[in-house]
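> Spelled out, the chains give:
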Amino acid sequence: MALLATVAFLWATPFLWTLVASFRPEGAGSVNMASLVPDTPQTLDNFRNALESGAFGLYYLNTIIVVLGLLAVQCVTVSLAGYAFARLRFPGRDVLFYVFLLQLMLVPPALIVPNLRTVVDLGLYDTLPGVMAPYFASAFGTFLMRQTFLALPRDFEEAAAIDGAPWWAIVWYVLLPMAQPGLVAFAIVSVTAHWNEFLWPLMVINDPAKQTLTIGLAAFTRGAEGGKEWGVLAAGTLLVMAPLAVVFVAFQRRFVDSFVFSGVKG
Amino acid sequence: MSLAGTTQAFDGIENGSAAKMQPRWRRRLRRRLFPYVLLAPSLLFLGLFTYLPVVRVVVESLHDRPHGTGAAMVSFVGFGNYSKVLADPAFRQAALNNLVYALGTLIPTLVLALAFALAVQRSNRFSAVLRTVFFLPSLVPLVAAASLFFFIFLPGVGLLDYYLAKIGITGPNWLGDSDIALWSVIGLTVWKNAGYYMLFYIAGLQNIPHDTIEAALIDGANAWQRLRYVILPALLPTTSFVVVIALINLLTSVDHVIVLTRGGPSNATNLLLYYIFQSAHENFEIGKAAAATLLSVAVLLAISLASMRIMGRGAQP
Numbered sequence: 001m002a003l004l005a006t007v008a009f010l011w012a013t014p015f016l017w018t019l020v021a022s023f024r025p026e027g028a029g030s031v032n033m034a035s036l037v038p039d040t041p042q043t044l045d046n047f048r049n050a051l052e053s054g055a056f057g058l059y060y061l062n063t064i065i066v067v068l069g070l071l072a073v074q075c076v077t078v079s080l081a082g083y084a085f086a087r088l089r090f091p092g093r094d095v096l097f098y099v100f101l102l103q104l105m106l107v108p109p110a111l112i113v114p115n116l117r118t119v120v121d122l123g124l125y126d127t128l129p130g131v132m133a134p135y136f137a138s139a140f141g142t143f144l145m146r147q148t149f150l151a152l153p154r155d156f157e158e159a160a161a162i163d164g165a166p167w168w169a170i171v172w173y174v175l176l177p178m179a180q181p182g183l184v185a186f187a188i189v190s191v192t193a194h195w196n197e198f199l200w201p202l203m204v205i206n207d208p209a210k211q212t213l214t215i216g217l218a219a220f221t222r223g224a225e226g227g228k229e230w231g232v233l234a235a236g237t238l239l240v241m242a243p244l245a246v247v248f249v250a251f252q253r254r255f256v257d258s259f260v261f262s263g264v265k266g
Numbered sequence: 001m002s003l004a005g006t007t008q009a010f011d012g013i014e015n016g017s018a019a020k021m022q023p024r025w026r027r028r029l030r031r032r033l034f035p036y037v038l039l040a041p042s043l044l045f046l047g048l049f050t051y052l053p054v055v056r057v058v059v060e061s062l063h064d065r066p067h068g069t070g071a072a073m074v075s076f077v078g079f080g081n082y083s084k085v086l087a088d089p090a091f092r093q094a095a096l097n098n099l100v101y102a103l104g105t106l107i108p109t110l111v112l113a114l115a116f117a118l119a120v121q122r123s124n125r126f127s128a129v130l131r132t133v134f135f136l137p138s139l140v141p142l143v144a145a146a147s148l149f150f151f152i153f154l155p156g157v158g159l160l161d162y163y164l165a166k167i168g169i170t171g172p173n174w175l176g177d178s179d180i181a182l183w184s185v186i187g188l189t190v191w192k193n194a195g196y197y198m199l200f201y202i203a204g205l206q207n208i209p210h211d212t213i214e215a216a217l218i219d220g221a222n223a224w225q226r227l228r229y230v231i232l233p234a235l236l237p238t239t240s241f242v243v244v245i246a247l248i249n250l251l252t253s254v255d256h257v258i259v260l261t262r263g264g265p266s267n268a269t270n271l272l273l274y275y276i277f278q279s280a281h282e283n284f285e286i287g288k289a290a291a292a293t294l295l296s297v298a299v300l301l302a303i304s305l306a307s308m309r310i311m312g313r314g315a316q317p
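Protein chains in written order, with the numbering used here: chain A, 1 to 266; chain B, 1 to 317.
Chain A on its own, in the form it takes in the complex:
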């Protein structure tokens, strides 16, 4: 038990330090910067400095646009494809299923170089849609929705079909409301992944006004190398991590279920 508590404390140390250091006054000096003991008086200066020196407001906005725009497109593509794989029989279904499956291995990060060329060809270089485009189709999301649809009883759809409802009305009004847990699980995994993404946006975005949070933070970290503004760096890191961490603590059960589902089913 003592061992477990020690390991847990060790695991939490980087976060504890971030919290302590980000509220530490600048005058404390760099010698004791590593101390995990909170200082008095606490200060919000580091957050103010971080917000001023990096354009964090803009980075937040860009990240939110990417994450939500991407999610909106993905919800359409994965629901349609998931429905087709779950409910329709057609020639080539198994082959197409494997065509989707392959994306789980040929993950976009491995293909950054050719994908950048494609994004340039499409005229999407240095745009936020260029950051989103490689993820518009999601094999994982398609499987997740397929599993979700398969688990739903067919009775409701059949009743709606007998009443003469067109397929899109059945999907929109009957299936999707029941498939909500699947969509939420997918949304959690997608938002987390793209909130945290770095390498691909780094390659696609050139304009400082279009940078996302992670790119801003990386530039910020390199900037801190020279100076000794560790408190500001800690505050900046906290600003990037906080939104997801807060949502996670609030909806822990849902998060954990989604991530496990993401692994087990896809």
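Please note that a few of the clues may not be correct.
[Unchecked claim] Think about it this way: if two alpha-carbon atoms lie no more than 20 Å apart in a straight line, the pair counts; the simulated SDA-like pairs of lysine to any residue are:
#1 B:Lys-84 / B:Leu-62
#2 B:Lys-166 / A:Pro-38
#3 B:Lys-166 / A:Thr-13
#4 A:Lys-210 / B:His-281
#5 B:Lys-166 / A:Phe-9
#6 B:Lys-166 / A:Leu-16
#7 A:Lys-210 / A:Ala-193
#8 B:Lys-166 / A:Leu-36
#9 B:Lys-166 / A:Lys-210
#10 B:Lys-84 / B:Leu-96
#11 B:Lys-166 / A:Val-7
#12 B:Lys-166 / A:Thr-6
#13 B:Lys-166 / A:Leu-10
#14 B:Lys-166 / A:Val-37
[What the hints assert, rightly or not] Stretch-level coverage of chain B by chain A, calculated; a stretch enters the list once three of its residues show a Cβ under 8 Å from a Cβ in chain A:
#15 26-40
#16 77-85
#17 134-142
#18 253-263
Just so you know, these hints were derived from the structure itself, not from any lab. Virtual Cβ for every residue (Gly too), placed ideally from N, Cα, C.
Using the hints provided, position chain B relative to the given structure of chain A.
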């Protein structure tokens, strides 16, 4: 609506029996095409960003195109780029580093993930807090983790050296010493990933029937024997799954390398994807980057094909 109109127009031309056949034939065609219409948006983007890039990379890897020149300067070089890449000491170093990095990360990560899962599987308040603590690192951006560890590894005043000094140990230059830097990066990755894989082990443990463990208890198996002969075999599918996703992750994320070391010192932390990123983005050697991409895609596919049965089973209803 437009379909109905066209059908009527056809009715005028065709003779009676054919006119009756036509709408049914068209309706059936529409029903036949319908699934593909639903799949079309996904297939379009899969084509553009999963399949086209593979074709592109094959073509580019066989050609040479000096930076800043137009399509006219492209020349076919056969396997020239491959021999160039394979002869490049930086590539060899990156491949070797990636192997050390993958194994050096994978083994401790799996052991810790299982240990964490066994420790926190009971549902009480203390376990819930520990689960959160262990899982939280996998929720933060790799870039943010790198920023934190940048300070942790800072020589002299950093978190690690500060507390090591209190117990009288002088730490090495964690990121500046080429013998140690890769292991520092490994340490960061283990911290970041262990909690994520813990979730799968927790789920796996919950799927082990209670009777099995009780039977082992009745037979007088001690804790180690229960782990070795009952729990570990039952967790084998979980382990193989985790190994696959962990390996894919270890080959396709280098955010921390970019922030912390940029592959240095003297290529000690250069990984395959970072080598590719550098060749394409900083040195503009497209052919070389393409050849290296294809080699790493081959590794990814080899891992995946080996595990296709597991993944396929997971995706079946």
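> All the hints need checking, so say for each whether the structure fits it.
Evaluation of the provided hints:
About 11 Å separates the Cα atoms of Lys-84 (chain B) and Leu-62 (chain B), which keeps this hinted pair within 20 Å; it holds. Note on Lys-166 (chain B) and Pro-38 (chain A): the hinted pairing holds, with a Cα-Cα distance of about 18 Å set against a maximum of 20 Å. Distance restraint check for Lys-166 (chain B) and Thr-13 (chain A): the Cα-Cα separation of roughly 16 Å lies within the 20 Å cut-off, and the hinted pair is therefore satisfied. For the proposed pair Lys-210 (chain A) and His-281 (chain B), the alpha carbon gap of about 19 Å is at most 20 Å, so the pair holds.
Our distance criterion of 20 Å between C-alpha atoms is met by Lys-166 (chain B) and Phe-9 (chain A), whose separation comes to about 18 Å. For the given pair, Lys-166 (chain B) sits about 19 Å from Leu-16 (chain A) by alpha-carbon distance, which is consistent with the 20 Å threshold. This hinted pair checks out: Lys-210 (chain A) and Ala-193 (chain A) have alpha carbons roughly 19 Å apart, not beyond 20 Å. Proposed proximity of Lys-166 (chain B) and Leu-36 (chain A) is supported: the alpha carbons are some 13 Å apart, at most 20 Å.
Our distance criterion of 20 Å between C-alpha atoms is broken by Lys-166 (chain B) and Lys-210 (chain A), whose separation comes to about 45 Å. For the suggested pair Lys-84 (chain B) and Leu-96 (chain B), the alpha carbons sit about 17 Å apart, so the restraint of at most 20 Å is met. At most 20 Å may separate the alpha-carbon atoms for a hinted pair to count; Lys-166 (chain B) and Val-7 (chain A) meet this at roughly 19 Å. For the hint pairing Lys-166 (chain B) with Thr-6 (chain A), the CA-to-CA distance comes to about 17 Å; that is within 20 Å, so the pair holds.
Our distance criterion of 20 Å between C-alpha atoms is met by Lys-166 (chain B) and Leu-10 (chain A), whose separation comes to about 16 Å. At most 20 Å may separate the alpha-carbon atoms for a hinted pair to count; Lys-166 (chain B) and Val-37 (chain A) meet this at roughly 14 Å. Under the rule that three or more residues need a Cβ within less than 8 Å of chain A, the assignment of the region 26-40 of chain B holds, with 6 such residues. Check on the region 77-85 of chain B: 0 of its residues sit with their Cβ under 8 Å from a Cβ of chain A, so the three-residue criterion for coverage is violated.
With 8 residues having a beta carbon nearer than 8 Å to a beta carbon of chain A, the region 134-142 of chain B meets the requirement of three or more and the stated coverage holds. A stretch counts as covered by a chain when three or more of its residues have a beta carbon under 8 Å from one of that chain; for the region 253-263 of chain B and chain A the count is 5, and the coverage holds.
Checked against the numbered hints listed earlier, the structure breaks hints 9 and 16; every other hint is satisfied.
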